[in-house]
Amino acid sequence: MSTDSVMSACGVLTVASPAAMLVALAAPALAMRSLSEHAIMRCVKMGVIVGLCSTLALAALMIVTHSPHVTVDLGKWVDLPEDGFHFTFKLIFDQLSTPFVVLTYLLCGTISAFASSYLHREPGFLRFFVCYALFLLGMVLAVAAGTIESLFTGWELVGLSSALLVGFFHDRADPVRNALRVWIVYRIADAAFLVAEVVLHHLTGAGDFDRMVGFGVWPGGTVDLTPGQALFAGSLLLVAAAGKSALVPFSGWLPRAMEGPTPSSAIFYGALSVHLGAFLLLRVSPVVQASLLLQVIVVTLGITTAIYAALTSRVQSDIKSSLAFASLSQVGIIVAEIGLGFHYLPLVHMIGHACLRTLQLLRAPSLLADYRQLENAFGGRYSQAASWSKLVPESLRGVAYRWAFERGYLDTFLYDWIARPTLKFFRWQQRREDKWTAWLTGTTSNSATTASGGVTDEIA
Amino acid sequence: MATTSTLAPQPAARMGSVDHLLREAIEHAAHLLPSQGPLSVFVHHNTLHAFEHLPFAEAMRQARPLLGCEPYLSEQRYHAELAAGRILLEDIVQVLHEDLGDRADHLVGLLGTRYALRLAMLQTTLESAPPAELRWVLAETDALGKFRSDVSAEQRQRMITATRRWVMRFLQLGVGGAGEGQGTGPVASAARELLRHWSAAELEEWEDSDWEQLTLELLWKLCCAGATLTPPPQAAPTRSERHRELLLAVTGRDSDELVHDLLIRFSAAFLDQGLATWGLEHRDEGFLASFLRLCSTPGLTPTWLRPFKRDARRLRRETVDPLTILQSTLAQLGVEPDAYENYLTATLLALRGWAGMVQQMETNAEWTARPAPAGTLHEFLAVRLLLDRYAIEAIAGDELGDYGDLASLRERLGRRTPRTNGVAAQRGFLLFQLAQALGWTPEDLTRLDPDSWRRLGAELDLFPTLERRRVLHLAYERRYREQALDALAMFTRGGTTLRGADTAPLFQVVCCIDEREESFRRHLEEVEPRCETFGIAGFFGVAMYYRGIDEAFAAPLCPIVVKPAHYVLEQPAPAVVETHQRRSATRKLLGVSARQVHRSSRSLVGGALTALFGLLASAPLVFRILLPHTSAKIRRRFAQVVAPPAHTELTLERVSPDPGPDAEQLGYSVAEMANIVEGSLRNMGLIMNFAPLVLVCGHGSSSLNNPHASAYDCGACGGGRGGPNARAFAEMANDPRVRTILAERGITIPVEVWFIGSLHNTCSDGVEYYDLDRLPEPLRPQLEALRSAVDEARRCNAHERCRRFVSAPLTQTAVEALRHVEARSEDLAQLRPECGHATNALCMVGRRSRTRGLFLDRRTFLTSYDPTTDDEETTILARILGAVIPVCGGINLEYYFSYVDSPTLGCGTKLPHNITSLLGVMNGAASDLRTGLPWQMVEIHEPVRILFVIESTPEKFQRILDRNEALKILVDNQWVQVATLDPHSDRIDLRCGDHFEPYTPPGVALPEAPSSAAWYSGWRDHLRFAKITVPPVAGASE
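First to last, the protein sequences are chains A and B. Numbering-wise, the first sequence is residues 2 to 461 according to our numbering. Numbering-wise, the second sequence is residues 21 to 1058 according to our numbering.
Worth double-checking, as some hints may not be accurate.
Claimed, not checked - Chain A residues, not near chain B, derived (Cβ > 12 Å throughout):
# : residue
1 : Ser9
2 : Ala32
3 : Leu57
4 : His67
5 : Val196
6 : Gln296
7 : Thr313
8 : Ser328
9 : Thr359
What the hints assert, rightly or not - Here are the simulated lysine-lysine pairs, BS3-like style, with alpha carbons at most 27 Å apart:
#  : chain 1 : residue 1 : chain 2 : residue 2
10 : B       : Lys988    : B       : Lys976
11 : A       : Lys46     : B       : Lys653
12 : A       : Lys436    : A       : Lys425
13 : B       : Lys329    : A       : Lys425
To be clear, the hints were calculated from the coordinates, so they are not data collected in a lab. Using N, Cα and C, we set each Cβ at its ideal position, and we do this for glycine too.
Start from the sequences, fold in the hints, and give me the full structure.
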């Protein structure tokens, strides 16, 4: 067996093991068979260990054989040579994706060990791990994707599992409402992504990254697009990344996503999911760098988000929101770094930040004990007013405080200026339609609404 | 929008009385708020304390609609317990007889007695559903096709046959041929209507299943027809309708959603004890003023709040006081002064966790970093009501185009509220289910005259689900009570356990009364039968403010009702002062820099720097989660380098006359020490026969990543750890001057007796001893014996505890069990470090010799009390009960309510908890503050009211009750159950209502087991009482 085929096998296993895990967990659930916690954990452990080991083996082989770019072709699913269109399922392991896949497995593995005791005896134990498997599969697929279509598939799975885990406690109204909110933002991001995909296909005829975003190995590579084309496609991808990574103006969903169990909050919003947008930008960084204007936009968006989140994080009085915004400020910096043309810096930044934040979020319930310990060590009340704040005039401080307290008015803006008018428009449409239908059928206009009352009277 | 600017003060003459009304209304409403303070100090108390002045059943009746809670388990759950044998039919019969008294034989129409009807209702799970669901059940399930599964086959067959016979006869006589008194009422005509479709010839051909279906359809139609004859059920007592409820019903939009989003964030910021790096600006101006200031600061205001922004500016300018705002807002909302109380109660309870915390921070939190100023609750309510008003106005305008006068909005909404249909159908469905359960045939039903239907309907109304659950709950409690009392009666019969007091025991152990120590004591007694154990409230009478050597603040270590006057400080021994200073400086440096790292990791630049090195965090992350035990060991080793030196001492003896917090005022005078020691020894009945070693054992609990950690600590130490109290008590009792005074008062402690203080960790089952270096040389061998017995008991105790942890295999050995519980206390991911007070159900007040050797399953508080040493006035008992009944009752009731309604009265599952403002937990990022106990803490609890068994006589107990009003309220209103055990015989009297009745046990022999382990092994659920037959040893005495 040649080294190449071993590497391919490892690459396939990397994606296949979470897929197998998902099937193993979800199939019995669909057949209404319940699995014991023990069986679920065995399955999860197996999936993670196989995935992690195969990735590590692949990484080792890549180093040994000096092949920094391994592609695993899973075949063309659609091929229309005369139209110049094909849809390939392909994985790329290079200096960007390999460390990120390792990180994904490492964090997910740790989280699964944590969650196995944390969620012990929780009625939704299996449901949690089904979502978890879905997430792991999506994450690995998105990170290792070699074509924009496969990236989109993974991206969607991550979005789906995130929303399902935010709404994990679906017997209460708030988690469901907030999950829906996350879902809506994700849909907007996905729509932008999809359009970008079509555009890129149109421009280059394929969704393969090695052809689309440059001939060559990441981070090198040049792109075969004019600045204008790059700006258009890149902006769409930026919208997608902004939705996924909660950049301005979509940031409002991030604290709301803290409704799920603590381990899922840690893995999603502290660590992996929130970095996925930045990862996308990093993957297509040749496109970003093909247009100066786009670079400027990316840097501006990154810095804006970073400042916004850093200020907002300071005024949060609950630990999870505070950590969520703190995460976001780093994601902002990472995005800015990408815009500035760095490659390895944002990668290292992302990985380090993900580890740190996961630990902090998992330890969030220790806050009271930590604080007491600090006071004991300090020997008294520990309070530290920010020194710089004294330099700012009071009135400005008030304005800034309210801005941060209201989270930059982003939610207000999105609701009052976008959601509400849209809703009003559709309601108006509905009324028109009712009238129109009524006129056509010759009935009174409110018949539709009272029809449902009839059945009640019947049984009464 | 004409109303927006009419916040003008009202005529002064009327205001006085209205003002008074308003204050009173708020005060009454505030009484209902949860009284849980900051989470770092968790004090157990009755969740429904506000209802204690009412009898338990009545309190539940009132609390349910007011708080929207379920005060009992579900009917399904009780029926499951009935099926599992946890409740016996005998219990239900007995309880129902007692409950009905002489009303049992009341006849209900032609269908039997009230007793029979109720008994049937209690045994059948009667489903009820809103009309839409009912429709679905009828259309999509087999409800009309097959008998309920709980109807016996014989009864089913009997009903089908009877119906068949009747239908055939009915058809033979011809439809409309009114024979046999079948009237012309709606019920009879419903039957005719249904049967019109078939001829007798057709029916001949039918199968059994067709007949079953016809029987059920007939029953259903007849029940529905009959239901129309019954009086409509009395409308549920109308809650004072907030505008929000009506608006929600009409538009589907929740004004609270708008209000809470802002109010939660603001309350959290206002009450924040230091979590946010950038605290609320102008917090010191008070809740209302800082809120108004925040809202009038330039910025983007959501549409619904825009009118408020104008008002906020004006209110701020005019500095209107909160009560005036409340009054005028209530007036604008059209709430009349006589409805203030109901309206404000509902308003305040809508966000009760936060409102309760505001109240606690205002009244009960002077020890925190930032208490709230007086009057904050009024300001909170004013803000809340203002926001309510604008949210209501906005939604009414937005959704309904209703911009009219707010005061009459409720009437307008009332007209739009959809009628509730299908009430008769629901009643019919109830009758339908009962008919199946009781075997009423269609023929029976057609015979009922309208008057009987009416009476039947009224009867059903008298026994709604809450009442049924109340009776079922009484049966549930009765079973455990009977088991407990039977066991006690059998165990004490013949006085076999009363041992002679000839020789002194090997050693004595004094523990807290906590039911978690029951197993520890039992195992100690099994391991070393020559030892003796005692139980006393775990502060051992030493009420003090205590500051440990590595602590910043003095915290009270005594029951919450006691305000200590004394301060005690832990100091380094003179030899290690320098080490101590060096290490505490290092700790300070480490602490502050760790804080800096964490804080800056959340900032912009610092965050970037830490994140770049964040990969380093992966090591502790992976290590601590995958190998919690090992990493804890390593961390401890590192921590030892900077830990305070092991040699410390307490500043126990005071020189200046008055106690206080200053350096020379610390500690106790010798006379005070003597009083404390005397009081505690007399309470326990330990006044002679001292063993050479007396171990005084406080308790506490250690766990990681647990915001509710304090709830596991010692309740008698106000949610602190009782080690220092034990240490102080031992030191006092060892003081020769104290012993001299005691000897004068008749308690002679021999010179060679030595007291040792210690701390039992109820989570890791570790025991830490204090001041062993002071132990007199000759006692060393005894200490070794004591320690090895304690070590063995720790292992056995851990083993017994592990049977309750599903994640601990039932097959593990005692040594493995100890490792398991140690790992639990060090695991970041562990939500159940220990079971806490879960399963508590019983409290014994009496000599240990009456229960020694009885397996009590860690469910029993054990308070030592020797009636033979008490005086005629039962002074000692009165003292003990005055503390024990409220404390144990409070713990028990908190567990009760957190269990029966975890989402409302407890704080739900811990999984989504999020620490807020360093005060409490929310679900997710913005919810009400969650009070009560988390589900993980109570999930194995059995919600029964605690039963106190007191070794005394009914007369003496009654006298104590007559002198203590607080006890009388708890006992007479049946928040706790009481029985007495005669000190000289096995006679037991049970308190029923306001008097005692003799209890006659059935006399079934108690199961026996050679050891505790032999009895509990292999079983995770609750266990019955058993006699542990440890080989008798001469010399064990009390």
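Going through the hints against the structure:
{"no.": "1", "hint": "Ser9", "result": "holds (29 Å)"}
{"no.": "2", "hint": "Ala32", "result": "holds (22 Å)"}
{"no.": "3", "hint": "Leu57", "result": "holds (14 Å)"}
{"no.": "4", "hint": "His67", "result": "holds (24 Å)"}
{"no.": "5", "hint": "Val196", "result": "holds (30 Å)"}
{"no.": "6", "hint": "Gln296", "result": "holds (20 Å)"}
{"no.": "7", "hint": "Thr313", "result": "violated (10 Å)"}
{"no.": "8", "hint": "Ser328", "result": "violated (9 Å)"}
{"no.": "9", "hint": "Thr359", "result": "violated (6 Å)"}
{"no.": "10", "hint": "B:Lys988 - B:Lys976", "result": "holds (14 Å)"}
{"no.": "11", "hint": "A:Lys46 - B:Lys653", "result": "holds (26 Å)"}
{"no.": "12", "hint": "A:Lys436 - A:Lys425", "result": "holds (17 Å)"}
{"no.": "13", "hint": "B:Lys329 - A:Lys425", "result": "holds (24 Å)"}
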